[in-house]
Amino acid sequence: MNISKKTILRIILFVGTITSLFFVPWLLVKAWILPLPDTVQEQTEQAINHGFDGMVVYIDKAGNTPQYAASGWHNRDTKIAAKPNALFKIASISKLYDAVAVTKLVSKGKLSLDKTIADYLPELVGKIENADKITLRLMIQHKSGIPNFTDTPNFWSNPTRTYEESLALITNKPANFQPGEDYEYCNTNYLLINKIMDNALGYNNFQFVQEEILKPLNLNNTFGSLKEVNLEDVMSGYHVDYPYDLKEDEHGMLATAEDVGIFLRALNDGSLLKPEEQKIYASIYEFEHAGWVPGYQSFAKYYKDIDAVIVAFYNTTDKELYNWNLSEIINNRIAKILEKENNPN
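Under the numbering used here, the residue at position 73 of the sequence shown is numbered 617, and the numbers go up by one with no gaps.
Quick caveat, the hints were computed from the structure, so don't treat them as lab data.
Please note that a few of the clues may not be correct.
As the list claims (entries may be wrong) - With a straight-line cut-off of 30 Å between C-alpha atoms, the simulated BS3-like cross-links for lysine-lysine are: (1) K627 with K818; (2) K823 with K659; (3) K880 with K654; (4) K659 with K818; (5) K574 with K623; (6) K759 with K791; (7) K880 with K574; (8) K627 with K823; (9) K574 with K759; (10) K739 with K623.
Stated by the list, open to error - Computed Cβ-Cβ distance ranges for the label pairs, DEER-style: (11) D676 with T609: 47 to 55 Å; (12) K677 with G607: 29 to 37 Å; (13) E589 with Q722: 29 to 37 Å; (14) E589 with E885: 27 to 35 Å; (15) D582 with E820: 29 to 37 Å; (16) T715 with L865: 22 to 30 Å; (17) K739 with D813: 18 to 26 Å; (18) W868 with K823: 27 to 35 Å; (19) E872 with E776: 44 to 52 Å; (20) Q722 with T609: 17 to 25 Å; (21) N869 with R705: 25 to 33 Å; (22) G653 with D777: 12 to 20 Å; (23) E589 with Y727: 32 to 40 Å.
As the structure is a computational prediction, the values presented were derived from the model and not from experiment.
Glycine included, each C-beta is placed from N, C-alpha and C at the ideal position.
Go ahead and model the full structure; you've got the sequences and the hints to work with.
Written out as structure tokens, the structure is:
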């Protein structure tokens, strides 16, 4: 009997096992209590021992030359070692770039944070509940109440490819809450925000991101799609118990850890935005982010106490999100290694 790759992924993504539920939490405990390594490179090697196929880290610590670390596989099938300069699917980290783009368009007078879906996308009135009350500001802040299209059952085993397909998954569904009355992380918000930006610009908003964000920062290794890159430069992605490489699945923006780190530093130190833009941005969104799609976990965070940006990529995911929790433990340990460098005693 032939079983398709999509069927296999569907089974693995949505059917956990009692064995994993019993054993994996102890790995989290182990990762947390192990003696702290002396170097970030040693910590990445420890991460591979915990079950990740590959890991890449970029560190920009003030007053120091940037650090790079990589362990495990760039491609485990062809035994290519992990590369510090590999392209990686950054998933929801892209929301930081979207929020910056919206900020700049608001500053230029092309968008208003207080206009609604009904103003920007009138065709959705009657299809999205509270379209006349949900403002651009509420969407950016995940306070719209719109259902999240990626929460659709079996979504990740057969993801949508177009705006229309994604929108159809939540059209005419009731709101999860009234606008502004709660918070719920929702990818539909940014699906609509990107459409609103496209309409305001008259062209694809990633071109605007390139002109206003990437080019000024000399970020030459950040891309909007797999179509723009050499696939061999992309780090392979794996999902626990799923036998196939997920590299060829399209999931939006890709970048090197270094490019993400440079962007995050500029976002946090104020050099990316003009003073009036900085004020707008600070009122609507956050200054760090993480991302998840099957096969790819990404984290970008600025640690103010040590004045350091840490970007960490992990190319192994799982249904229960134990690998996500494990990643956060490892990220915190990397920060502690840097703190220890500041205070060796």
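To see whether the hints hold, each was checked on the structure:
A hinted pair counts as satisfied when its Cα atoms are at most 30 Å apart, and K627 with K818 does not qualify at roughly 35 Å. Proposed proximity of K823 and K659 is supported: the alpha carbons are some 19 Å apart, at most 30 Å. Proximity of K880 to K654 is assessed by CA-CA distance (about 43 Å); at most 30 Å being required, the pair is judged violated. About 23 Å separates the Cα atoms of K659 and K818, which keeps this hinted pair within 30 Å; it holds.
A threshold of 30 Å between alpha carbons decides the hint, and for K574 with K623 the separation of about 28 Å falls inside it, so the pair holds. Annotation: proposed proximity of K759 to K791 holds, straight-line Cα distance about 26 Å (limit 30 Å). Distance check on the hinted pair: K880 and K574 sit about 17 Å apart at the alpha-carbon level, within 30 Å; holds. A hinted pair counts as satisfied when its Cα atoms are at most 30 Å apart, and K627 with K823 does not qualify at roughly 37 Å.
Using a Cα cut-off of 30 Å, the hinted pair K574 and K759 is violated, with the two alpha carbons roughly 43 Å apart. The straight-line distance between the Cα atoms of K739 and K623 is roughly 40 Å, outside the 30 Å bound, and the hint therefore fails. The beta-carbon spacing between D676 and T609, approximately 53 Å, falls within the hinted interval of 47 to 55 Å. At roughly 48 Å, the beta-carbon separation of K677 and G607 lies outside the given 29 to 37 Å, and the hint is violated.
Between E589 and Q722 the C-beta distance comes to about 49 Å, which lies outside the given range of 29 to 37 Å. At about 18 Å, the beta-carbon gap between E589 and E885 misses the expected band of 27 to 35 Å. The beta-carbon spacing between D582 and E820, approximately 45 Å, falls outside the hinted interval of 29 to 37 Å. The supplied range of 22 to 30 Å is met by T715 and L865, whose beta-carbon atoms lie about 28 Å from each other.
For the hinted restraint 18 to 26 Å between K739 and D813, the CB-CB distance of approximately 31 Å leaves it violated. Checked against the hint of 27 to 35 Å, the C-beta distance between W868 and K823 comes to roughly 33 Å, which is consistent with it. In this structure the supplied range 44 to 52 Å is violated for E872 paired with E776, their Cβ-Cβ distance being about 30 Å. Evaluation of the 17 to 25 Å hint for Q722 and T609 yields a failure: the beta carbon distance comes to about 51 Å.
Distance hint for N869 and R705: a CB-CB separation of about 30 Å, consistent with the stated range 25 to 33 Å. Evaluation of the 12 to 20 Å hint for G653 and D777 yields a failure: the beta carbon distance comes to about 38 Å. In this structure the supplied range 32 to 40 Å holds for E589 paired with Y727, their Cβ-Cβ distance being about 38 Å.
Comparing the model with each earlier hint shows violations of hints 1, 3, 8, 9, 10, 12, 13, 14, 15, 17, 19, 20 and 22; every other hint is respected.
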